[in-house]
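Trainee: Line by line, the protein sequences give chains A and B. With the first letter of the first sequence counted as 1, position 223 gets the number 223 in the numbering used here; the numbers rise by one all the way through. With the first letter of the second sequence counted as 1, position 201 gets the number 587 in the numbering used here; the numbers rise by one all the way through.
Hint data in this document are derived by calculation from the structure and do not stem from the laboratory. Glycine included, every Cβ here is placed at the ideal spot set by N, Cα and C. Just to be clear, a hint being listed does not mean it is correct.
Stretch-level coverage of chain A by chain B, calculated; a stretch enters the list once three of its residues show a Cβ under 8 Å from a Cβ in chain B [stated by the list, open to error]: (1) 83 to 92; (2) 209 to 220; (3) 237 to 244; (4) 294 to 301; (5) 315 to 328.
Here are some, though not all, of the chain A residues that point toward chain B, as calculated from beta-carbon distances under 8 Å [stated by the list, open to error]: (6) G42; (7) P71; (8) V234.
There are 2 protein chains.
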Amino acid sequence: MKDGGFFFQRLSGSESAGRLGAISTVHGSFTTPAFMPVGSQGGVKALAPADLKETGTEILLCNAYHLYLRPGIDVIRAVGGLHNFMGWDGPILTDSGGFQILSLSALREVTPEGVRFRSHVDGSLHFFTPAKVVQVQEELASDIMMVLDDCPSHSVAYEAARASTALTTEWASKARDAKTDSDKALFGIVHGSVYPDLRVRSAIELIEIGFDGYAIGGLSVGEDKTATFEMVEVVTSVLPKDSPRYLMGMGKPEDIVAGVQMGVDLFDCVLPTRGARTGILFTSFGQIVIRNACYRDDTRPIDPQCTCYTCRNFSRAYLRHLFVSHELLAYRLNAIHNLFYYHSLIRNIRQALAEDRMDQFTKEFVSLRTQEDGRHTGREGGEVSC
Amino acid sequence: MKDGGFFFQRLSGSESAGRLGAISTVHGSFTTPAFMPVGSQGGVKALAPADLKETGTEILLCNAYHLYLRPGIDVIRAVGGLHNFMGWDGPILTDSGGFQILSLSALREVTPEGVRFRSHVDGSLHFFTPAKVVQVQEELASDIMMVLDDCPSHSVAYEAARASTALTTEWASKARDAKTDSDKALFGIVHGSVYPDLRVRSAIELIEIGFDGYAIGGLSVGEDKTATFEMVEVVTSVLPKDSPRYLMGMGKPEDIVAGVQMGVDLFDCVLPTRGARTGILFTSFGQIVIRNACYRDDTRPIDPQCTCYTCRNFSRAYLRHLFVSHELLAYRLNAIHNLFYYHSLIRNIRQALAEDRMDQFTKEFVSLRTQEDGRHTGREGGEVSC
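In isolation and in its complexed conformation, chain A is listed as follows (with noise of 0.2 Å):
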């Protein structure tokens, strides 16, 4: 599967916004739309490469903040790259680490230089330029490198989203002129908060310095929900047609199939992982928490369409069991059976794209979370009641 470095290729020619298309790499091809598992650390929380094929997966999100701090940088290129540590040989994308330094760092001191922050594994000083970044992540021989961001806090105010906007857009700048491998993709990531015009001036100018890729980033991180979509119709609008998007961090299933009608490529999110850690699973009429009572002795797979390893072979009943008794293989069948879900939503939807009718898949994926055997749902999130 090897060829000749990154390329994109719009393939649909539909009128709508959704777009299907095609990424290559180094490492492999595959088909966007696209989710990738979240694998900050060098792995994907209790699943090992062959159960990520298993799954679906095609591309893998990993993270240059964490790797950088633990194992170190210089342990992974002892071990060949990244693909060879983790045992993956397909597509990875890489994180900056720009949205790692916000959320997990307990100092955060950003210069027009970069950023300076406290590692939360050890306590150590470090500091973060975008071409250092860069480089990192060509170490780690990522397939798609992100720049480094700043990300502000939730509901920052305009002037102050302004200035950290411009911030991120001059880092973009050095991190494109640091780029030395052109095997690589390197996206630039648009941010401007919750205001438009924003928005729109930070896809714009990162155009112009131009990107093999571009994100979304700065959302779902507490704004109201419509104006989250608000602002990916306003820079989907903007981005040019034939490189890909790639919206960051956010990924409940409806967010998925309303990004795809937006013109999103790349999703990525925890949530079928982390959900897995707690006990929910989803399904195509809504999520099963599967720790209620109602499952104790219930003989049914969690969802009789599901043809994933967990399904096939084990029911709510047992899956209950092991949650409730803290058995480690609970998160293990939980995330093969959330992350297959995830993937199978994903090759529905370019089903639907490939056949242009997908307006029709979206109100089907809607009416089929709202019942369940005759129960009606109706709780936050799409969680089934029973």
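Following the hints, put chain B in place on chain A, whose structure we already have.
Mentor: Showing chain B alone in chain A's frame:
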């Protein structure tokens, strides 16, 4: 692999006490000596049935006490028995729970009729009689059931040990009478603490009652190791040659080698799966403590000789990283390796028995564990220094 119920056949005619044999159950056959991974609550920590098969597991140990308390026998019956519940189609041996009542329960009130105890899960009161525990195991549809035994605490005085052993024998007789399913095996449990005459009397009385196999219980609970093996030798010299012998809860690699030489057929131990969670990895040259800094950039697999999934795909550096990062994947990859090591050890022992060179095997086994890359180990428990 279905056949007509429980059957043990001694295969080897060697002059040594080590025996090769075969056990048949309605859920399939396997060769002895055999090692049983521990899946007390209906799941082996971090491993799915497919993992167990891949590591070479042929029979599992589960626990009637745990499953009776959680999820409850009614749940397992509803799903069609323990094999269906956990998705394991091979043989299962269930322990009665005598030891768990001692080690886990806040209350333990022994009467001639049985034992009253409090659930360690929810504090509820329960009463186990010898007959009830057989009934529970028949409802679980276990292949090999254990009698309820009275487990006195470590360092019990002679007179108390005598009384406790007599009670266990009395209960064993009641358990024998309560058994209704001829397809399943019921094993008696030899007790007698560290007193040879009590051990011999216990064995002889159980043989008189008549069981499908004989376990040696109440060992490795804190007594001196010399005493442990003195008891094993005393008991196996009395037990019938054509019945299987099971040494309960003892399974350091060196214990298995020594136990086999004394004529033991079945072993179980939490060490391979507990070691997986505490970062102790078993190899032919001793135990690796994976969190040690010397493995930080060690590109070798755990054991270069090993062909398990973990050793085929991951370096010590990656496994150390997963472990120090508390990644759930660490526990599964470690458990796969450790169980593969245990089952490989068992396969090598079977081969040595078949070729009548168990003494030579033991010498080589000990010699290999004293060196690695020219480093001497010499630490307690075979830990490799670095």
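Trainee: Hint by hint, note whether the structure agrees.
Mentor: How the hints compare with the structure:
1. Counting residues of the region 83 to 92 of chain A whose C-beta sits closer than 8 Å to any C-beta of chain B gives 3, which meets the bar of three, so the coverage hint holds.
2. Counting residues of the region 209 to 220 of chain A whose CB lies closer than 8 Å to any CB of chain B gives 0, which falls below the minimum of 3, so the coverage claim is violated.
3. Residue count for the region 237 to 244 of chain A with a Cβ under 8 Å from a Cβ of chain B: 0. That is fewer than the three needed, and the coverage hint is violated.
4. Only when three residues or more bring their CB closer than 8 Å to a CB of chain B does the claim for the region 294 to 301 of chain A stand; here the count is 3, and the claim holds.
5. A stretch counts as covered by a chain when three or more of its residues have a beta carbon under 8 Å from one of that chain; for the region 315 to 328 of chain A and chain B the count is 10, and the coverage holds.
6. Contact between G42 (chain A) and chain B, as hinted, is supported at the beta carbon level, the nearest pair being about 6 Å apart and thus within 8 Å.
7. Because the beta carbon of P71 (chain A) sits about 4 Å from the nearest beta carbon in chain B, less than 8 Å, this interface hint is met.
8. The interface hint given for V234 (chain A) is broken, as the beta carbon of that residue sits about 38 Å from the closest beta carbon of chain B, more than 8 Å.
Consistency note: the structure conflicts with the earlier hints numbered 2, 3 and 8.
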